[in-house]
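Novice: Chains as they are written, first to last, in my numbering: chain S, 1 to 281; chain D, 1 to 329.
No lab work stands behind these hints, which were simulated from the structure alone.
Among the hints, a few may not be true.
Capping the alpha-carbon separation at 25 Å, the derived lysine-lysine pairs in PhoX-like fashion look like this [what the hints assert, rightly or not]:
#1 D:Lys150 - S:Lys20
#2 D:Lys200 - S:Lys253
#3 S:Lys199 - D:Lys253
#4 D:Lys264 - S:Lys199
#5 D:Lys150 - D:Lys91
#6 D:Lys199 - S:Lys253
#7 D:Lys126 - D:Lys138
#8 S:Lys199 - D:Lys275
#9 D:Lys264 - S:Lys253
#10 D:Lys264 - S:Lys204
#11 D:Lys126 - D:Lys112
#12 D:Lys264 - S:Lys248
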Amino acid sequence: MTIPIIEVENVYKYYKQARKSFSDKNKYVKAVNGVSFSLYEGESFGLVGESGSGKSTLGQVILQLINQTSGTVKYRGKNVSTYTKKELKAWRKQVQIVFQNPYASLNPKKTIGWIMEEPLNIHRIGNKAFRRQRVMEVLEEVGLDHTFMDRYPHELSGGQRQRVAIASAIILEPEFMVIDEGVSALDVSVQAQILNLLKRLQRKYRLTYLFISHDLNVVQYFCDRIAVMYLGEIVEIGETEELGRSLKHPYTKALFSSILSLDESEELKLLDGNLPSLLEI
Amino acid sequence: MRTPILTVENMNVSFELVNGNYKALENITFSVYPNEVVGIVGESGCGKSLTTQAILGILPKNAIVEYEKMEYKQVSLRELRDKDWREIRGKDISMIFQEPMSALNPLITVGKQIGEVLKVHTSYSKDEIKKRTIEMMKKVGLPRAEELYKSYPHQLSGGMQQRVAIAIALIADPDLIIADEPTTALDVTIQAQILALFKKIKNEQKSSMIFISHDWGVIRNICDRVLVMYAGHIVEEGAVSEILKNPKHPYTKSLIQSIPDHRKRGMELFTIPGKVPSLQDRKIGVCPFADRCSHCFDACHIEMPMTKEIEGTHTVKCHLYTKGAGLTS
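Model the full assembly from the supplied sequences, consistent with the hints where possible.
Specialist: Here you go:
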């Protein structure tokens with residue numbers, strides 16, 4: 001059995017709610033409520049669920065962009081909370097994140113070349129000439145030519161921006177990437193291009209992906225294993241094919257039956273009501 | 001033959017920009033029949049929203065709209081004055097936008113916003129308006145309508161906000177509803193609920209709809225007929241089931257092929273090379289898709305293809321069917 005690259009053990013993330021008066025009891029939003037799973041090298045792991053189910057919070061806890069209330073996250077067997085500052089910085093090279101909205105995640109005042117060079121500067125890699133060379137290489141890797149280096153984000157289309165976001169994530173040659181709704185904002189034709197790109201990069205660099213999405217069609221296409229989150233908990237987890245064949249949890253069943261199929265024989269089934277507020281449970 | 005509720009013939013829209021005039025829509029011709037849902041599908045920037053905005057007359061001032069005919073129930077829309085328009089918008093034709101949060105006024109309670117339509121278009125008393133508003137809120141599936149009547153948009157979830165926007169669009173019982181990506185911003189489970197609501201409205205109120213989406217799943221689920229748009233042209237038109245089964249235009253075919261699903265796992269997804277040309281880069285008088293098309297031949301770069309009837313209502317604008325051998329694979 002291969003060793004997991006990421007191990008999540010009993011992770012909780014509670015947010016304290018502001019009290020309206022002194023006599024009120026403390027209330028907590030249980031964004032992530034006792035989650036455990038492991039990610040293996042080279043796999044694409046899908047995390048699905050509705051808005052507010054805690055997918056993104058979990059992704060950010062794994063990268064230690066927010067600290068968990070309790071529980072541990074291990075990277076290659078080592079607890080990431082015990083990292084020293086120096087170790088943490090070195091680890092940050094290994095893990096990267098791509099966000100949903102490429103309009104918001106790129107600095108509008110900087111050129112693409114500057115944005116992409118920044119991670120190399122932070123980690124003091126190479127000299128100026130080497131860094132420029134590296135930026136050009138990676139741009140080519142994601143299907144953009146070197147003329148993009150002097151352009152600004154607003155001159156690019158949504159698909160091109162997402163390519164830049166992916167390029168600046170892979171420039172440090174990470175091992176593990178969180179893709180948080182990375183293709184949700186794109187047209188299907190562009191989405192297909194980006195998904196193919198991610199697959200190609202995965203093969204080339206042996207990347208491990210945590211793929212967060214609410215689009216079940218995309219997740220079922222892209223991921224080897226899928227975990228379904230509901231109200232901060234993982235309610236079902238399994239191999240994609242197995243999961244698609246025999247759904248156990250009623251919520252997963254309901255979620256998968258609301259996929260809009262192109263098949264005429266399949267009728268749409270409905271899940272009543274809204275997701276309850278996390279304060280109400 | 002049924003008479004269409006909305007007819008658009010040879011509509012052209014161009015924009016006057018600093019460095020010249022640019023054509024955004026060319027020869028848009030289509031009809032919507034009573035109790036029919038017509039979908040418009042295509043990538044961003046193909047002119048889906050623009051088409052409906054031109055019909056409603058809500059384009060910016062630098063837009064030039066030309067047409068041979070644009071009629072709603074035998075009334076020519078473009079000859080209407082602003083005053084007449086106000087009578088029609090909201091009451092006869094209403095619109096639902098993609099982002100419910102930006103479509104609703106954050107400072108006014110949702111009850112008031114829904115009731116406002118009746119206040120403007122009818123002579124009902126205050127109590128009558130409130131009664132009808134609450135009825136409508138219940139109809140679109142808003143829970144605890146009496147309580148929600150007094151709440152503000154930010155207090156509601158995305159799905160509930162969209163229901164409020166739908167209630168506003170429906171309360172005056174319009175005959176034509178234009179919905180611009182109404183479920184794109186919602187979760188799949190909520191999307192399924194909203195689509196079911198639209199179906200119910202179609203069956204109960206016998207309204208017609210124009211439904212814009214880039215999601216073929218949504219189109220398949222709700223629409224009777226679909227228009228496929230590319231770079232300001234309608235390139236293919238026909239019954240949804242027919243087009244999904246038997247797409248003729250290379251663009252339609254590519255769009256459908258690039259949809260990911262579990263059956264394509266492990267396979268490379270089909271992609272269309274290049275991107276939709278911007279307004280300034282469009283070529284006039286030739287097939288707009290020629291540069292990205294893998295089946296393109298000489299004629300495609302020389303002239304604009306004619307609309308060719310495949311069978312019944314299924315039409316396609318592609319040289320392959322007028323000059324070539326058709327699309328085989």
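Novice: Given the hint that Lys199 (chain D) pairs with Lys253 (chain S), test it: the Cα-Cα distance must not exceed 25 Å.
Specialist: At roughly 23 Å apart (the allowed maximum being 25 Å), Lys253 (chain S) and Lys199 (chain D) satisfy the hint.
Novice: Would you mind confirming whether the straight-line C-alpha gap from Lys150 (chain D) to Lys91 (chain D) stays at or under 25 Å?
Specialist: Distance of about 24 Å is within 25 Å: holds.
Novice: Checking one constraint from the list: CA of Lys150 (chain D) to CA of Lys20 (chain S), max 25 Å. Satisfied?
Specialist: 21 Å, holds
Novice: Regarding the pair Lys126 (chain D) and Lys138 (chain D), is the alpha-carbon distance no greater than 25 Å?
Specialist: 19 Å, holds
Novice: If you draw a straight line from the CA of Lys264 (chain D) to the CA of Lys253 (chain S), is it 25 Å or shorter?
Specialist: Satisfied, since the Cα-Cα distance of roughly 21 Å is no more than 25 Å.
Novice: Take the C-alpha atoms of Lys199 (chain S) and Lys253 (chain D), compute the straight-line distance between them, and say whether it is at most 25 Å.
Specialist: 23 Å, holds
Novice: Is Lys200 (chain D) within 25 Å of Lys253 (chain S), Cα to Cα?
Specialist: At roughly 24 Å apart (the allowed maximum being 25 Å), Lys253 (chain S) and Lys200 (chain D) satisfy the hint.
Novice: Keeping to a limit of 25 Å between CA atoms, is the pair of Lys264 (chain D) and Lys248 (chain S) held or broken?
Specialist: Holds, at roughly 24 Å.
Novice: Is it true that the CA of Lys264 (chain D) sits at most 25 Å from the CA of Lys199 (chain S)?
Specialist: 13 Å, holds
Novice: With the threshold set at 25 Å, check whether the alpha-carbon distance from Lys126 (chain D) to Lys112 (chain D) stays at or below it.
Specialist: 11 Å, holds
Novice: Hint check: Lys199 (chain S) vs Lys275 (chain D), CA-CA at most 25 Å. Holds or violated?
Specialist: 21 Å, holds
Novice: If you draw a straight line from the CA of Lys264 (chain D) to the CA of Lys204 (chain S), is it 25 Å or shorter?
Specialist: 21 Å, holds
Consistency with the previously given hints is maintained throughout, with no hint failing.
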